[in-house]
Structure formats: structure tokens, C-alpha cells
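Asks: Spelled out from the first residue to the last, the chains are:
2 protein chains.
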Amino acid sequence: MNVLILGGDGFCGWPTALHLSQAGHDVTIVDNLSRRFIDVELEVESLTPIRPIHERVAVWEEHTGKQIRFINLDLAHEYDRLVTLLVDDRPDAVVHFAEQRAAPYSMRSAATKRYTVDNNVSGTHNLLCAVVESGLDIAIVHLGTMGVYGYGWSGSAPIPEGYLTVNVPTPDGELEREILHPSNPGSVYHMTKTLDQLLFAFYAKNDGVRVTDLHQGIVWGTQTPETAIDERLINRFDYDGDYGTVLNRFIMQAAVGHPLTVHGTGGQTRAFIHIRDTVRCIEIALSNPPASGEQVSVFNQVTETYRVRDLAELISELTDTEIAYLPNPRKEAAENDLNVTRDRFLALGLRPTTLSEGLLEETHEIGAKYATRVDMSKIVAKTVWNAGMEVSPDLRR
Amino acid sequence: MNVLILGGDGFCGWPTALHLSQAGHDVTIVDNLSRRFIDVELEVESLTPIRPIHERVAVWEEHTGKQIRFINLDLAHEYDRLVTLLVDDRPDAVVHFAEQRAAPYSMRSAATKRYTVDNNVSGTHNLLCAVVESGLDIAIVHLGTMGVYGYGWSGSAPIPEGYLTVNVPTPDGELEREILHPSNPGSVYHMTKTLDQLLFAFYAKNDGVRVTDLHQGIVWGTQTPETAIDERLINRFDYDGDYGTVLNRFIMQAAVGHPLTVHGTGGQTRAFIHIRDTVRCIEIALSNPPASGEQVSVFNQVTETYRVRDLAELISELTDTEIAYLPNPRKEAAENDLNVTRDRFLALGLRPTTLSEGLLEETHEIGAKYATRVDMSKIVAKTVWNAGMEVSPDLRR
Chain A
212 MNVLILGGDG FCGWPTALHL SQAGHDVTIV DNLSRRFIDV ELEVESLTPI RPIHERVAVW
272 EEHTGKQIRF INLDLAHEYD RLVTLLVDDR PDAVVHFAEQ RAAPYSMRSA ATKRYTVDNN
332 VSGTHNLLCA VVESGLDIAI VHLGTMGVYG YGWSGSAPIP EGYLTVNVPT PDGELEREIL
392 HPSNPGSVYH MTKTLDQLLF AFYAKNDGVR VTDLHQGIVW GTQTPETAID ERLINRFDYD
452 GDYGTVLNRF IMQAAVGHPL TVHGTGGQTR AFIHIRDTVR CIEIALSNPP ASGEQVSVFN
512 QVTETYRVRD LAELISELTD TEIAYLPNPR KEAAENDLNV TRDRFLALGL RPTTLSEGLL
572 EETHEIGAKY ATRVDMSKIV AKTVWNAGME VSPDLRR
Chain B
212 MNVLILGGDG FCGWPTALHL SQAGHDVTIV DNLSRRFIDV ELEVESLTPI RPIHERVAVW
272 EEHTGKQIRF INLDLAHEYD RLVTLLVDDR PDAVVHFAEQ RAAPYSMRSA ATKRYTVDNN
332 VSGTHNLLCA VVESGLDIAI VHLGTMGVYG YGWSGSAPIP EGYLTVNVPT PDGELEREIL
392 HPSNPGSVYH MTKTLDQLLF AFYAKNDGVR VTDLHQGIVW GTQTPETAID ERLINRFDYD
452 GDYGTVLNRF IMQAAVGHPL TVHGTGGQTR AFIHIRDTVR CIEIALSNPP ASGEQVSVFN
512 QVTETYRVRD LAELISELTD TEIAYLPNPR KEAAENDLNV TRDRFLALGL RPTTLSEGLL
572 EETHEIGAKY ATRVDMSKIV AKTVWNAGME VSPDLRR
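Protein chains in written order, with the working numbering: chain A, 212 to 608; chain B, 212 to 608.
By construction, these hints were calculated from the structure, which means they are not laboratory data. All values reported here derive from a predicted model rather than from experimental measurement. Honestly, I wouldn't trust all of these hints.
If chains are identical, the list can't say which one is meant, so a pair holds when it fits in one copy or spans any two.
[Claimed, not checked] Listed below are the simulated EDC-like cross-link pairs for lysine to aspartate or glutamate, each with C-alpha atoms no more than 16 Å apart in a straight line:
1) Lys589 x Glu256
2) Lys593 x Glu289
3) Lys589 x Asp250
4) Lys416 x Glu543
5) Lys542 x Asp418
6) Lys589 x Asp300
Go ahead and model the full structure; you've got the sequences and the hints to work with.
Replies: What follows is the structure in C-alpha cells.
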């Protein structure tokens with residue numbers, strides 16, 4: 212299969228590109244290197260050392276003999292080049308990771324709110340327009356987020372995979388209707404993914420574009436079999452308060468002797484997935500696209516759910532690290548349960564990596580090995596959801 | 212009240228500006244004159260002669276002694292100037308009409324699809340960001356569309372004003388939930404208004420921004436008492452296949468002896484409102500904003516519903532004009548019923564202008580008077596929803 216990976220230089224995109232290349236697909240990475248520019252802006256770096264993209268693909272070819280092409284293109288602002296690329300390259304599918312993906316970054320300032328909306332909405336809409344304009348039958352696989360659903364909305368009913376059946380009262384009795392699950396995003400970032408959903412629904416209906424939307428949980432872990440082949444292929448590990456995800460942050464904090472930072476009560480229950488399973492899910496989704504004219508195909512891309520404080524306590528016991536309960540800079544429920552339907556990927560053969568399998572490896576191979584690269588001033592989350600909300604000072608110098 | 216009218220040079224914005232100025236409010240029009248540029252692009256003009264904006268406001272002052280300020284600003288791309296304007300002007304409210312509003316124009320080409328999404332989403336999001344950044348308690352009144360709901364979704368249940376109560380099946384029995392009515396937009400334009408809804412919901416929740424969203428039907432009529440004071444204050448009357456709305460197009464067609472163009476079976480039922488009622492609704496909405504922290508306040512801004520072919524038959528009989536049934540360039544249901552809840556404005560004192568009151572005035576004062584300005588080559592709708600859909604040739608030279 213000929214596949215374009217939009218955002219293929221990022222945390223999920225890079226290991227996906229390698230995984231699909233290893234599996235024999237013809238892979239082109241399309242990326243404007245925005246994630247590297249944001250590192251510069253935030254004055255932070257991945258815990259793991261990331262090589263330039265041309266070196267990355269050269270090392271991959273050196274080890275495997277497989278070529279991955281790289282095209283520097285800004286999806287949100289270079290529409291005509293995108294159309295030309297589709298028409299010339301005639302991909303079978305496009306995997307769309309090319310969105311600003313950090314909730315805290317999306318709430319930092321008016322500038323980052325506006326950047327996130329502009330980049331994500333324009334990027335997704337440009338892709339849809341370009342696929343229609345190309346006249347080609349290109350399947351789209353998009354990385355969504357569990358955050359589109361919000362938390363705790365449907366009581367004891369598990370969150371379905373995209374679509375919810377409801378009963379609508381009418382003068383002639385109740386009418387059963389399937390609806391896109393009502394959205395309740397918790398940040399500007401999550402909001403953009405709810406906008407994406409409406410873009411996809413319209414283009415699927417009006418133009419028969421084939422779209423798969425993957426509502427992913429919080430990704431943890433770093434390496435896949437392919438990124439582990441050579442240190443120059445290593446994947447990102449973000450630990451800072453904006454881009455770091457909670458479980459990886461705990462692993463890093465334990466490695467450097469920083470208290471585990473729980474914001475709020477830690478009663479938030481979230482869905483998780485290992486990066487190794489992310490890349491497998493993308494491959495499964497590519498192999499199972501909807502037909503033209505069908506509604507958007509939605510998968511919940513999650514494997515386990517945990518309460519944040521339970522995760523903190525687990526890592527704390529394993530590593531003998533204290534826990535610091537800090538003010539919550541986000542506006543969210545202090546405590547929630549989470550019951551997520553995740554049948555579709557399991558039915559298609561996904562064998563999940565569980566926390567018990569992956570955790571020690573992460574702690575030793577990544578946390579301990581790269582601990583000296585940590586900047587202590589970047590650990591405590593400082594981005595607040597409303598002006599004036601309380602933040603913690605740094606806990607270590 | 213100090214009010215900014217974004218898009219105050221357009222078909223709804225201009226009469227609203229005059230109406231609010233006449234009512235004693237301090238009015239500033241903010242507009243980038245985009246509607247005039249699109250006339251140039253489409254090589255068409257309003258049936259009524261529209262004067263330059265500075266002449267319009269000068270004539271208004273000449274007649275009434277009231278000043279309306281005009282600021283040329285692109286809401287979607289001049290964010291910093293917008294923030295400065297809010298901070299300097301400290302408006303009590305902003306009325307947001309500044310969106311590309313023609314469904315056919317939004318479907319013409321990749322360029323107009325992208326322009327519509329960029330202009331409408333960036334404009335709305337910039338406004339929300341700027342209100343938050345200003346730190347001021349500015350109420351927003353936004354012009355939405357009935358088209359966010361789609362047609363025929365809820366069987367015999369009337370379309371509610373924004374929010375729908377549904378029953379969600381759970382293992383512990385049904386859970387009653389109020390949700391934003393599921394959206395089913397029929398064009399890229401309508402889709403942008405469904406995106407707007409999600410932007411408003413997030414900023415109302417996260418930042419306590421006070422937003423009223425008005426889901427308006429198809430506007431007909433031209434004049435309000437204020438625009439009728441002097442011909443140089445006259446409102447737009449768009450008759451072309453992209454910007455003309457169905458009832459005004461029938462009136463114009465009858466005036467020039469062109470067959471009344473019904474696309475498809477004419478079985479589409481739509482909601483209507485006279486422009487005189489639009490401006491009153493805006494005034495009512497400004498006087499009844501939600502409190503900070505409340506959900507977005509939604510009104511259905513419609514007064515009557517009609518089936519398109521019934522309207523055509525009515526005008527046909529009144530004016531002895533034939534009806535031409537042409538291919539439908541839109542993707543929509545051939546026939547639908549429409550039952551709309553419209554209690555909120557009535558409860559707040561709106562006294563609707565009915566078709567029977569306004570129709571003869573339009574036919575004589577506008578259709579007949581300006582008939583010589585019609586360009587026959589612009590009448591038949593030519594914009595299609597998918598490449599290759601059938602269109603009718605022009606019916607008159």
C-alpha cells in the first residue's frame with residue numbers, strides 16, 4: 212500500500228512510519244517539523260535525543276534497505292502543493308497526525324489557542340478538500356482523541372465507539388436514533404478534534420470520502436521494535452508540563468528523584484495505550500477502511516483505563532518516590548469513572564501491551580538512561596486554563 | 212448600549228446597524244467589505260443600488276443626526292487590531308454577522324470551500340479569544356442558521372431551540388440528557404455554523420463567555436423602516452444563483468418575466484423570516500443575554516415555514532409567471548416536512564411580519580422598480596454540490 216503519513220516526524224507519526232515501512236508499505240512522511248519548532252519555542256527537548264529527519268530516514272534505509280521519502284510541507288497553509296502531491300503520488304491512504312496535540316499548549320495564550328485552531332482545522336479541511344479535488348479514492352485515517360467524549364457523561368453506560376443510540380421523545384412515541392456521541396472537550400486542543408469530526412462527517416456524506424477516526428487514549432511508552440533498532444531512530448519522550456503525558460512524566464520523575472506530580476486529587480480516570488499498540492492500531496485501521504458512502508468509521512484506540520493517583524501510587528511503590536499533590540491548572544472534574552468500549556480493535560486482532568509488561572522497560576531503558584537530560588524547571592505544569600489560576604512553584608532546582 | 216456590529220455592511224448587518232442606532236444605541240460597524248469583493252468576483256451586483264459604506268453612514272447622520280462609526284477590519288486575520296478595538300471601545304455587546312453566508316458559494320470550488328471555513332471559523336474563534344483576552348464582560352450575539360439541524364431528523368418532534376432532550380440507555384435504566392441538537396449540515400457554509408456552535412460551547416464553559424446563537428431561517432424582504440428613509444440607505448437584494456435566497460429570487464424573476472426557478476421537486480420545506488423581523492430579533496437578543504457561566508442561549512429566529520413549490524405557486528398565481536422545474540444542484544432530501552419551535556422570540560414580544568403583509572410591497576417597491584438592473588445570465592443556479600452534477604442552461608438571454 213502507498214501511504215502518506217502527515218505529521219510523520221512526531222511522537223506517534225514517526226514510529227508509525229517505521230512500522231508501516233517494515234511491514235512492506237511504501238511510506239512517505241509529510242511534515243513541516245512544527246514539533247521541533249515548538250521545542251525551540253518552549254526551550255525544552257525530548258528526553259530522548261532526536262536526530263534530524265533526513266538522518267532518521269537515512270539510518271532506517273541503512274538498517275533495512277527500505278526507503279522512506281520525506282516532504283517538508285505545511286498541511287494547513289500549502290494547499291496547492293498538497294493537491295499536486297496527491298495527484299502525483301496517488302496514495303492509497305493518508306494517515307493524518309498533523310495536528311497540534313498538547314492540551315496545555317493549546318491553552319497557554321491567545322496565540323497558541325489560535326495556532327491550534329488554525330493549524331488543526333485548516334489542516335484537516337485542506338486534506339479533505341484536496342482528496343475531493345484530486346478525484347482519487349484515497350482513504351483517510353485520522354488520529355482523534357478520547358477527549359472528544361468528555362468524561363462521566365453517560366453514567367454507567369460505556370462510552371461507545373463514536374456513535375451513541377438515543378431515544379428521542381416525539382408526539383408519536385420515542386424514536387431511536389444513532390448520533391455522533393455528544394462532545395464535551397476539555398481544552399482548545401480537544402475542541403479541534405470535535406470540529407474535525409464534523410468536517411469528516413460532512414465530507415463522508417457529501418463526497419463519499421472514506422474516513423476512519425481513531426479516538427486514542429493517553430499514549431505512554433517510547434519505543435517500538437523499529438525505533439529500537441538504532442539509537443538514531445529513537446522516538447520522542449516528552450516530559451515537560453505541556454507536552455509530557457502523565458504516565459511518561461511519572462517514569463521520568465521517578466528516574467530523576469523528582470516527586471510524582473499529581474494535579475488535583477488524581478481522581479481523574481483516563482484511558483491509556485502503549486505506543487507499540489498505537490502503530491498496530493493504525494495498521495489495522497488502514498486494512499479495514501469504510502466503503503465510500505458509509506459514515507465515518509470510529510474506533511476507540513485504548514487498551515486500559517487507570518485513575519491518575521493509582522498510577523502515581525504504583526510508580527511510587529515501585530521506585531520509592533514520593534507523590535506531590537499540586538493545584539490542578541485544568542478545568543475538569545476532580546474525580547470521574549471511565550468505562551470505554553474497545554471491542555473493534557480487539558476483534559480485528561490487537562493484542563494489547565499492558566502496563567505490567569511495559570513499565571519496567573520504560574523505567575530502565577528510557578527514564579534511567581536519559582535522566583541527565585532532564586531540565587528540572589520544565590517539570591511542573593504551569594499552563595492554566597483560566598487567567599489567574601493557581602500553579603505550583605518548581606519542586607526541584 | 213455600546214455595540215459592535217461585525218459584518219455590519221452586509222445584508223443583515225446593515226439594517227441591524229441602522230435599527231440599533233435608531234433605537235439609541237452607540238453603534239460601530241466593523242467590516243472588511245468582503246461582500247462587495249465577492250460581488251466583483253462573481254461579476255454580479257445587488258438588484259438594489261448599494262452606496263459606499265462611508266456614504267451610507269454619512270447619509271444616515273444627515274437624516275437622523277446619529278453617528279455610526281465604520282472600521283475596516285478583517286476579523287479572521289487581524290486579531291491584534293481586534294483586541295485593541297475591544298479594549299479601547301469597551302463594547303457591551305458584539306453582534307457577529309461576519310461570516311461568508313451563501314451555501315452555493317461555499318460549494319463552488321476548493322478555493323471557496325477553504326475560504327468559507329477559514330473566514331468563518333477563524334473569525335468566530337478570534338472573536339472568542341479576543342473577548343477572553345480583553346478581560347471584559349462582552350456579550351456575543353451570533354447569527355447561526357436553521358441549517359445546523361438538518362431537516363427531517365426528529366420525525367414528528369418539532370426542532371427545539373438548540374437543545375434536545377434524549378434518553379440514553381444505560382445498564383441502570385434510561386438516563387435523561389439534554390444535548391446540543393445533533394447537527395446535519397447541508398453545505399460547507401452550514402457546516403461552519405455547526406463548528407461555531409462547538410467553539411461557543413467551549414468558551415462558554417471554560418471562560419464564562421456569554422453567547423447567544425440565533426438559528427435563522429431564510430431571510431426575505433429588503434427594507435426596514437430605517438433603510439427606506441433614503442435610497443442611498445437601501446439594503447442589498449441578492450438575486451443571483453449563489454447569494455440570492457429563494458423567495459427574493461422568485462420576486463425578482465416574476466418582475467423580469469423569468470420563469471420561477473424551482474430546483475428539484477420544490478418539496479423542500481424551509482423556515483423563513485422577514486429582514487424587518489431579523490433586526491428586531493437581534494435587538495431582543497441583545498436585551499436578553501445569558502449570564503456568565505450559563506450555556507449558550509439558542510433561539511430559532513424564524514417566523515413561518517413554507518414548502519418551496521407552494522411559494523412558487525403563490526408567486527406564480529399573483530404575477531402570472533410560469534414555473535420551471537430544474538435539476539437540483541444540491542445534495543438534499545427531495546421532500547421534507549419541517550416543524551420548528553419558535554417560542555422564545557414570541558414570548559419576548561416579537562410580532563412577525565407575515566408573507567401576506569410583506570409580499571406585495573417587495574414585488575412593487577423592489578422587484579419592479581429595479582428590474583432593469585437584472586443580469587439574466589446570473590439567475591439560474593450553476594454551483595453544484597459534487598463535480599459532474601447536472602445544471603440547467605440559462606432560460607432567458
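Asks: Hint by hint, note whether the structure agrees.
Replies: Status of each hint after checking the structure:
1. Lys589 x Glu256: within (10 Å within a copy, 58 Å between copies)
2. Lys593 x Glu289: For Lys593 and Glu289, the Cα distance exceeds 16 Å both inside one copy (33 Å) and across copies (28 Å).
3. Lys589 x Asp250: within (12 Å within a copy, 52 Å between copies)
4. Lys416 x Glu543: between (34 Å within a copy, 11 Å between copies)
5. Lys542 x Asp418: between (38 Å within a copy, 10 Å between copies)
6. Lys589 x Asp300: neither (41 Å within a copy, 39 Å between copies)
Hints 2, 6, counting from the list given before, are not met by this structure.
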